[in-house]
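Undergrad: Here's the letter readout for the chains.
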Amino acid sequence: GAVVSQHPSRVICKSGTSVKIECRSLDFQATTMFWYRQFPKQSLMLMATSNEGSKATYEQGVEKDKFLINHASLTLSTLTVTSAHPEDSSFYICSASTQGQGAGGYTFGSGTRLTVV
Amino acid sequence: KQEVTQIPAALSVPEGENLVLNCSFTDSAIYNLQWFRQDPGKGLTSLLLIQSSQREQTSGRLNASLDKSSGRSTLYIAASQPGDSATYLCAVFSQGGKLIFGQGTELSVKP
Numbered sequence: 001g002a003v004v005s006q007h008p009s010r011v012i013c014k015s016g017t018s019v020k021i022e023c024r025s026l027d028f029q030a031t032t033m034f035w036y037r038q039f040p041k042q043s044l045m046l047m048a049t050s051n052e053g054s055k056a057t058y059e060q061g062v063e064k065d066k067f068l069i070n071h072a073s074l075t076l077s078t079l080t081v082t083s084a085h086p087e088d089s090s091f092y093i094c095s096a097s098t099q100g101q102g103a104g105g106y107t108f109g110s111g112t113r114l115t116v117v
Numbered sequence: 001k002q003e004v005t006q007i008p009a010a011l012s013v014p015e016g017e018n019l020v021l022n023c024s025f026t027d028s029a030i031y032n033l034q035w036f037r038q039d040p041g042k043g044l045t046s047l048l049l050i051q052s053s054q055r056e057q058t059s060g061r062l063n064a065s066l067d068k069s070s071g072r073s074t075l076y077i078a079a080s081q082p083g084d085s086a087t088y089l090c091a092v093f094s095q096g097g098k099l100i101f102g103q104g105t106e107l108s109v110k111p
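Protein chains in written order, with our numbering: chain E, 1 to 117; chain Y, 1 to 111.
Any given hint could turn out to be false.
[As the list claims (entries may be wrong)] Here chain Y is said to cover these stretches of chain E; the calculated rule only asks that three of the stretch's residues, wherever they fall, bring their Cβ under 8 Å from a Cβ of chain Y: (1) 38-44; (2) 105-117.
[What the hints assert, rightly or not] Some chain E residues well away from chain Y (every beta-carbon gap over 12 Å; in silico): (3) K20; (4) D27; (5) G53; (6) S73; (7) S83.
For the record, the hints were derived by calculation from the structure and aren't laboratory data.
Positions of the beta carbon are idealized from the N, C-alpha and C atoms, including for glycine.
The whole structure should be built from the sequences, with the hints applied where relevant.
TA: Structure, rendered in structure tokens:
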């Protein structure tokens with residue numbers, strides 16, 4: 001079945017530094033990947049849609065300059081949290097679909113727990 | 001704007017019980033609906049995917065139904081086990097091109 005690999009699973013960084021999270025589709029090509037954020041005991045909030053070869057589409061209220069998304073190939077999207085602050089601490093998850101328009105359903109990465117100290 | 005609601009928010013049942021989790025959505029123009037399971041601190045595991053043209057899907061002890069016209073889906077778990085304890089999330093993929101999640105139902109199955 002489709003596998004999405006997300007790395008790292010956990011990261012602790014100092015306030016003011018930047019952190020990069022990778023999302024890879026291992027056995028399929030994904031022209032579109034999605035990035036979500038999840039706070040404790042809450043559901044997933046869509047942050048942005050990552051499109052291969054073009055700019056990401058951000059949801060309302062999500063800072064483009066803070067959460068940089070790069071989708072340079074059909075199997076890799078990256079999310080960089082720039083100048084991280086403690087309020088950026090959260091669980092970040094990416095997803096991708098094996099078929100256009102999500103017809104094949106979505107596969108999720110295992111998530112990245114970011115802690116900013 | 002699509003909104004997805006799950007009821008109940010939390011559920012605790014003794015082992016062996018059959019149970020139903022509910023999901024409702026406001027916009028019936030969806031491509032599909034997907035049920036996921038999430039263990040604490042982990043990613044999401046896909047359980048069942050129902051296309052908009054389908055009425056139900058089954059996998060083992062799980063059965064999911066979809067009534068698109070009324071904007072509802074149910075996840076039925078038969079003969080629940082302690083290992084079923086997790087948060088269950090439903091998500092709809094709408095024509096807006098986004099996967100929108102409900103808040104989840106936190107299930108606890110007591111031995």
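Undergrad: A separate judgement is required for each hint: does it hold in the structure or not?
TA: Verification of the hints:
Only residues whose beta carbon comes within less than 8 Å of a beta carbon in chain Y count, and the segment 38-44 of chain E has 3; three or more means the coverage holds. For a cut-off of 8 Å, the count of residues in the segment 105-117 of chain E with a CB near a CB of chain Y stands at 8, and the three-residue condition holds. With a cut of 12 Å on Cβ distances, K20/E stays outside the contact zone with chain Y, its closest approach being about 18 Å. The Cβ of D27/E sits about 15 Å from the closest Cβ of chain Y, beyond the 12 Å cut-off, so the non-interface label holds.
The Cβ of G53/E lies farther than 12 Å from every Cβ of chain Y, with a closest approach of about 17 Å, so its non-interface assignment holds. At the 12 Å boundary, the C-beta of S73/E stays outside the reach of chain Y, the nearest C-beta of that chain being 21 Å off. With a minimum CB-CB distance of about 26 Å to chain Y, S83/E clears the 12 Å threshold, and the non-interface call stands.
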